[in-house]
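Number of protein chains: 2
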Amino acid sequence: MTGGRLAVVGLGPGAVAWRTPEVDSILAEATDLIGYSTYLDMVEARPPGQVRHPSDNREEGQRAAHALDLAAEGRSVVLVSSGDPGVFAMAAAVMEQLDRPDRPPAWEHADVTVSPGVSAAQAAASRAGAPLGNDFATISLSDNLKPWSVIEARLVAAAAADFVLALYNPASRRRPWQLGRALALIGTYRDPSTPVVVARDVGRPGETVSVVALGKMDPATVDMRTVLIVGSSQTRTVAIPGRDAAGVYTPRRYSEEPTALAQRTMED
Amino acid sequence: MTGGRLAVVGLGPGAVAWRTPEVDSILAEATDLIGYSTYLDMVEARPPGQVRHPSDNREEGQRAAHALDLAAEGRSVVLVSSGDPGVFAMAAAVMEQLDRPDRPPAWEHADVTVSPGVSAAQAAASRAGAPLGNDFATISLSDNLKPWSVIEARLVAAAAADFVLALYNPASRRRPWQLGRALALIGTYRDPSTPVVVARDVGRPGETVSVVALGKMDPATVDMRTVLIVGSSQTRTVAIPGRDAAGVYTPRRYSEEPTALAQRTMED
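Just so you know, the protein sequences line up as chains A and B, in that order. Going by my numbering, the letters in the first sequence line up with residues 1 to 268, in that order. Going by my numbering, the letters in the second sequence line up with residues 1 to 268, in that order.
Hints are supplied without guarantee of correctness; some may be wrong.
To be verified - Under 10 Å between C-beta atoms, here's a sample of chain B residues computed to sit facing chain A: (1) T20; (2) G86; (3) D99; (4) I151.
Hints are computed from structural coordinates only; laboratory data are not their basis. Note that the Cβ used here is the ideal one computed from N, Cα and C, for glycine as well.
Just chain A, with the same shape it has in the complex (with noise of 0.2 Å):
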């Protein structure tokens, strides 16, 4: 039996532009495209023949299956994610669907591979500015698959280590609550005029990217389809020739130790 091919992509974060020609080839010599139907609309129609899988954006699990099953039998199948598929995204599932007990032993007969591409944060990072700069922890704010204490440790030990911090997966219907808890957990180690960038559909129709102060977030703003980058205290706005909008920064030197820092702004 001759075993196909699974190529998990990553779009990036929208824009073609920001499509790695990588990922482009592999599309086009696809049997199969398989992901959250969001993503597969983000894909240009190619050659007739080639079989569209749409599914929710759930069951991750028996997506990456299905996908592996598909390339098991001789396709070339790719599972489609956007921005980078190794952050918060589809290969760590087909790598759960690989450490499987019970894993086929069909599944021995698929090449699998992983192509990266541009993240949200990355992208939105690049129109604000610099905010990546310097260190940065990036945490998604789902608990769906992981304990909100865990989050809750993260947010504190990167806040507390001034790192800048990017977060996806800020708020959703049925996570209501969440990021207001995480800026005010924040909001103990930073100063309320740090800024935030708030990035919603980067790279796509309707973008907006705007800089807030931390302390006048208002987290019913932020949806499922927005990525957060929160500065550390060396974070900065600056002016930006040819842009209208505040730019913001973090700069590379660092002048100052981040515990006594955090300590003199909870004593403020």
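Since the structure of chain A is provided, determine the placement of chain B on it from the hints.
Only chain B this time, still in chain A's reference frame:
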């Protein structure tokens, strides 16, 4: 006076197949390319008339100012980074120049933009499987511009909160001991069997990506062209069909308290 343009772009981690079409068009339209000579050498020849300004890999502030000067003269200037210019690269250096109290008025005539790219850790992750599949901290081990005490505090915070760690600039001839110290600190919170992805020259000729247990890492094998990904307590190896080397991934699901885990590890 007609202003020019400064585009700060990332080539991605080396392979042309990972470079975005946006960056390709910007490079094609430029009158001047500025960058570390190793990165400029990665850009194919362009029509005659395009001027290259290679530099060594230091003096980033001067390089950024030079790029702004040329753009203010009306040139279409591209400042070239590898990876993502927003991650430990030239975008922050440009913003620092724009934030100077003595910023030259002529720079108002330059439109400044940033174009994102796939970063080295993402490319390394894609080769290994999905080690960045859950929350991760991205830290540069270079203490050229920030005190080593800040780096240690961040390493400890991220390790104790059970983040995956992506380590940039892990070692150089002038920074020989820092990586060993960093791995020892992380080892306080992690089992010696924790998988570490060691990726050198990803996407370039001679690429190597290996998986080494944390307790067996030899810092002397690591140089400036290497990026490391140190797993969390949950990161596992997995056999990936079609690949000889072990794969590594971090599951999306998290079932243990990081604090309890850190305590348990330290008491072992």
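Now for the hints, and whether the structure bears them out:
A distance limit of 10 Å between C-beta atoms decides the matter here; for B:T20 the minimum to chain A is near 5 Å, and the interface restraint holds. Here the hint on B:G86 is kept, as its CB sits about 4 Å from the closest CB of chain A, short of 10 Å. Here the hint on B:D99 is kept, as its CB sits about 5 Å from the closest CB of chain A, short of 10 Å. Taken as an interface hint, B:I151 checks out: its beta carbon lies about 8 Å from the nearest beta carbon of chain A, inside 10 Å.
This entry satisfies every hint, going by the numbered hints stated previously.
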